[in-house]
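2 protein chains.
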Amino acid sequence: MNLILLHPRELTGQHVTLTGRRAEHIRKILRATIGDNLRVGILGGLLGTGCIREMIGNTVVLQVHLTTEPPPFPPTGLILAVPRPIMLKRVLAQAVSMGVSRIFLINANRVEKSFFSSTLIQNNDFTEPLCLGLEQAMDTRLPEISVHPRFRPFVEDFLPELLRECPVRLLAHPEGNQTIAQAGKGLWGQPGQRAILAIGPEGGWVDFEVQRFKEQGFMPFSLGARILRVDTAVPALLAQLSLLRQLV
Amino acid sequence: MNLILLHPRELTGQHVTLTGRRAEHIRKILRATIGDNLRVGILGGLLGTGCIREMIGNTVVLQVHLTTEPPPFPPTGLILAVPRPIMLKRVLAQAVSMGVSRIFLINANRVEKSFFSSTLIQNNDFTEPLCLGLEQAMDTRLPEISVHPRFRPFVEDFLPELLRECPVRLLAHPEGNQTIAQAGKGLWGQPGQRAILAIGPEGGWVDFEVQRFKEQGFMPFSLGARILRVDTAVPALLAQLSLLRQLV
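These protein sequence lines are chains A and B, in that order. By this note's numbering, the letter at position 193 of the first sequence is numbered 193, and the numbering carries on one by one without gaps. By this note's numbering, the letter at position 214 of the second sequence is numbered 214, and the numbering carries on one by one without gaps.
Heads up, a few of these hints could be off.
Identical copies carry no separate label here, and so any pair may be met within one copy or between two of them.
[What the hints assert, rightly or not] When the alpha-carbon atoms are kept at most 20 Å apart in a straight line, the in silico SDA-like pairs for lysine to any residue are as follows: (1) K214 with L38; (2) K89 with R27; (3) K185 with R245; (4) K185 with Q246; (5) K28 with E112; (6) K28 with I56.
Hint data in this document are derived by calculation from the structure and do not stem from the laboratory. In this text, all values refer to a predicted model and were calculated from it rather than measured experimentally.
Extracted from the complex, chain A is given alone in its bound form (with noise of 0.2 Å):
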């Protein structure tokens, strides 16, 4: 937790009552004590500092003061077949923390069905993971994230609006035959150009979705002989997605 993030809610004025999680890392991690500047954010907003004013029991009493930009969001999009939730937590939180814009969980015919009944999908909330990698990172703001349990009006009715004014359309598959570098050759027209990166499920996507993604202007790309897990394969492709804009 390098940003102790909270929700405009909580504020009274400049000062933020905290109990729980984040007043138990202040005290036990952090070991701070009054009068302590600590980083803080606000979910949606600014970044700043936290000065402790009070400390009773459970309880830390921060006087907040809000004063910069969170870092930019990077205008990338990534599709993601649906992994086991354990997996899928922790793969939100590091999207979340090297900055995407928006998050689309789809199904694919490698996406065990039981996935699609865990609790966290069942209830819709991803707050808890998504938050976890914007105090990771030192962010405020949320992606959209949506979930989409058919894969084919995803596809074919739900994409084609979003993919305008997006040329850079990545799928990573291992059969395809060209690099990420390659895949996205001559597609990145300006530093800040949009681009959305879809990645499948354990196995790969079936030829099918291949297909489907390819008519939708996606270009496939290999990460080489290696197969990755997804915890590895999203940093990575993020990364080396954010390092081709860098070279733009």
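Use these hints to put chain B onto chain A, whose structure you have.
Here is chain B on its own, set in the frame of chain A:
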């Protein structure tokens, strides 16, 4: 487990008898039966197929046919300030799945002392997490791995010999004011160029450590304003190195 990894000493002629985790994976996850061919690899050796000849109780007997070299070993060394044990296991598997030739687990000012007394480090046996990485990536070759409980002798006495013929020396450091592409600019002589990457503890390297690395020719670079967890930073940075190597 994308590969059934076998130790050379387990082979009797062309046959191997499996029990335990691998046999269970074959029966319960792959749901394979007699006559099925599975991907196998010999630790340190070739890849091939294993045909199931017998399944009795918890035991699976494979007839092994070895044909193929494992994927190339990226000539990348990874210097890692020791993270907490659960994270260390995960990061070792990630790094091995992406391919590294050497791993140096080192001490640093902000490494918690208790991390060095973990069972994993004390036993100096990293076979389990390393093999998980190999099984994932369908590789058979373990990187060399060494533990260095004292920072200064590692950097001043041990590193210089290793760094010969390795011009790409990169230090991840949030206060670096250049990107990884800028830090490595002009250093990549050829696509197969050796490189070494140093990633610090939670909280980063202290100034003294940065200075010692700089004296050894390391170029500091920053990933930007976002602070990443080590299980995100390691795949992200290895992926960026791999891309920079491709782009030479």
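Could you tell me which of the hints above the structure violates, numbers in ascending order?
1, 2
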